[in-house]
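S.K.: Those protein sequence lines, which keep their order, are chains A and B. The first sequence begins at 41 in my numbering and counts up by one. The second sequence begins at 16 in my numbering and counts up by one.
One or more of the hints may lead you astray.
Covered stretches of chain A (in silico footprint by chain B; criterion: 3 or more residues with CB under 8 Å from a CB of chain B, positions within the stretch not fixed) [stated by the list, open to error]:
| # | stretch |
| --- | --- |
| 1 | 88-99 |
| 2 | 125-134 |
| 3 | 212-222 |
| 4 | 321-333 |
Keep in mind the hints are simulated off the structure, nothing from the lab. We put the CB at the ideal spot given by N, CA and C, even for glycine.
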Amino acid sequence: MATGTQVVTGVDPDVRAQSWIGHLRSGGFTDWASWPRHERQLTRPATPYRVPGAQHLELLRRLNHRAGDAGLPPGLADRVLAADATGRGLPDLPLAGGVEPAYGARPVDPATLPPRELLRVALGVLAGELIRAERPTKPRRTRFRRETYRLVGDPWLADPLRAALVADGRPPGGGDAIVYVLGADLGSMLVHAWLAGAFGGGIDPWPSYWRRLRAEHRIARRADLLHAADTWSARVGPRRVRVVLDPTQLPAMLRVKRLPTVPTPTHVGAELARRLGGVLGMRVSPDQRRQILGGLYRRRLEAVTPAGLSRLRMPSEDLEWVSDAARFVRGQLRDRDYPVIGDPDLLIPSPAPPVPEPPRPTAPGLLDLAMDLLVRSSSSE
Amino acid sequence: MSERVLLHVGTPKTGTSYLQDVLFRNREQLAVQGLHYPADRFDGHFLAALDLMQLPWGGLQLEAVNAWDVLSRRVREAEGTAVVSHEILARASRAQAARALESLGHGSGTEVHVLLSVRDLVRQVPAEWQENIKHRATLSYAEFLDELRDPERSGDVASWFWGVQEIPDILDRWASDLPPERVHLITVPPSGGPRDLLWKRFSHAFGLDGYELELTEERANPSLGVPESALLRRINLAVNEDVPPAAYRPMVRELLAHQTLSKRRRTPRLALPPEHLEWVQTLSQSWVSELAARRYDVVGDLEELLGTPPKEYVDPDRPDEAQVAAAAVDAIHALLVESTRFELERNHAWAEVRRARAETEQAREALERSYLRAGYKIRRRFIGALERAGRPGRAMIRGYRWLRGRSSREA
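Could you build all of it, start to finish, from the sequences and the hints given here?
M.R.: See the structure below:
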């Protein structure tokens, strides 16, 4: 209906766009600017495709390039082209070279789109793939004999261990259950508190979060071992509370053979989780979101993260005030007479290892990771 | 199935909140007469729009999961005419609009009409800047205008503005599939005319003429003046990093902007700068010509979209500082009144908490005394042994508790 200016290219722009979409859908990755401009070189599909935005087409092109001969998982191309771009940003953009619309967004060469626009589409697609692939695990029947326990404290440590125990038929609770308050060095716990939000119910970006802690020299609530120990002590009595700083001793205390280790992700991986959480929050319940991010997404992230990459950690310039706070906590634990499993000095953070700081998330880096996850995912886990 | 659906998709700042308020207040009465406005909360259609477009909105989107599916199902199940209305729907992409239309019955026998209330850009431009400021934006008015005039429209602000204000493009996305007689434009009359004229136009377009409706006198979305807008922008610059969205909404947007600063009516009003008038009028004229050629149903007059040059212009980027200071005093006053009220409520709540804690402590002491009794210790050891004995032991405990009628569980 809109009028516009016809750009003469020697080919019907619709035919060119349709044949390019067909090329992308079959795994091709020739860019739009290089796509043939003469009708005799083009194939028109039998049934016209709906033409999505240039962002969708460019994302598909890059995914095809990344996947190479292996190709994309079945059906992913269609889902990319049908996805909504998440959040605010440019609307669905027409392809350059066609009729210049009189109104609405300007046509673009898709290859010139900024990474953040492609990331908007990639986040929506990745969230959809994770929802599709998520399979709730049925926990094993409660074991005949089991230790009664509760795991609380640092949620980044406690939540996955608790989930693993539940899956193994060892749910928490029971009469006289010992409450194990898990912790680590305070610097790590402050990182874990942010990660728990990024992989859970949402939190501000890392720089904002850390800036607030630094400004007030404050311990985040999720990293507050004293608060957790005091809360449970008031509930069940101090004799049933243990502070655990050495997690290697937990399997013996819980009478299990082993417990999973919980790696810290890279900053880019964690930031992608945080943004995915925003998209997932619009599609599934809070519990499902937590399960998807903490389970399936985290496993896939570890699978694509190269070994040796720097993980998210406390900024080295904050070692002094965090160490002071840790010494205070250590003293309070001693004064309140909580049994501590492991050396209380484990609370004090060590100077950062002489390795490069973890790279900060940028739109190109996040897009790269999102595409890796899409290309290397499988529809079944 | 609804025979007819009236889908009102925009634009913002055209009296839509008032219309939606009337529809919500009178929904039961209207439903009896065959006009359905399916909503259980006043922002129900807003949440549905967020869900359709997967739009983040300061955390509110978390309440919107599946909201569009629920709304469209209720529309399909209604008999008669159904109304769906929210102005942010203007921003939907072609694909989202197509999904929405299909879900409402378009193509399956339901007669879907698209309605768009529209106002001249001379008023929309300053109104949208102010709306940005009320949503935590910190950009100056000059920066806002620069973004709007950038032909690339690459920034978020420009992309959003034109997405919800460029009338021919909105209708290309929403109504390209509809015959022109099912597309209805409601023009907002110029300032200074009869106060109820816009409502009469809405009433006519939505088929509400003849209904006895409970109308409200209050303005649903009051506007701020120049010094008030400048103050709000400065507040945003100072607090955005420290005040999360969930706190900003009630404290800044509602308490300060809507309940306090908007009551200051004697300060200069926001307006379009004179140097941008020609650009706006040229653009508006092209829209008017295009819309006339499309032969849509117009309730009002397309010429009203050309707007009227403002009588005066006061730059909100260089406001009268005495006026800003006076607005700040009003804002502080409102915050102190609210803080006092909050403090009194908090003191009352803490008194209740202390009382409850004292009662809990008394109960705990009584329990501790009972734990020291020999009979209790023997029972406790026996129960512990049963729990450690595994499944049979735990089954015996459950049976015992069932017989006794206990409902509490162990800590």
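S.K.: Evaluate each hint against the coordinates.
M.R.: Do the hints match the structure? See the list:
1. Evaluation of the coverage hint for the stretch 88-99 of chain A: fulfilled, as 3 residues show C-beta separations to chain B shorter than 8 Å, against a requirement of three.
2. Under the rule that three or more residues need a Cβ within less than 8 Å of chain B, the assignment of the stretch 125-134 of chain A holds, with 8 such residues.
3. A stretch counts as covered by a chain when three or more of its residues have a beta carbon under 8 Å from one of that chain; for the stretch 212-222 of chain A and chain B the count is 5, and the coverage holds.
4. Under the rule that three or more residues need a Cβ within less than 8 Å of chain B, the assignment of the stretch 321-333 of chain A holds, with 6 such residues.
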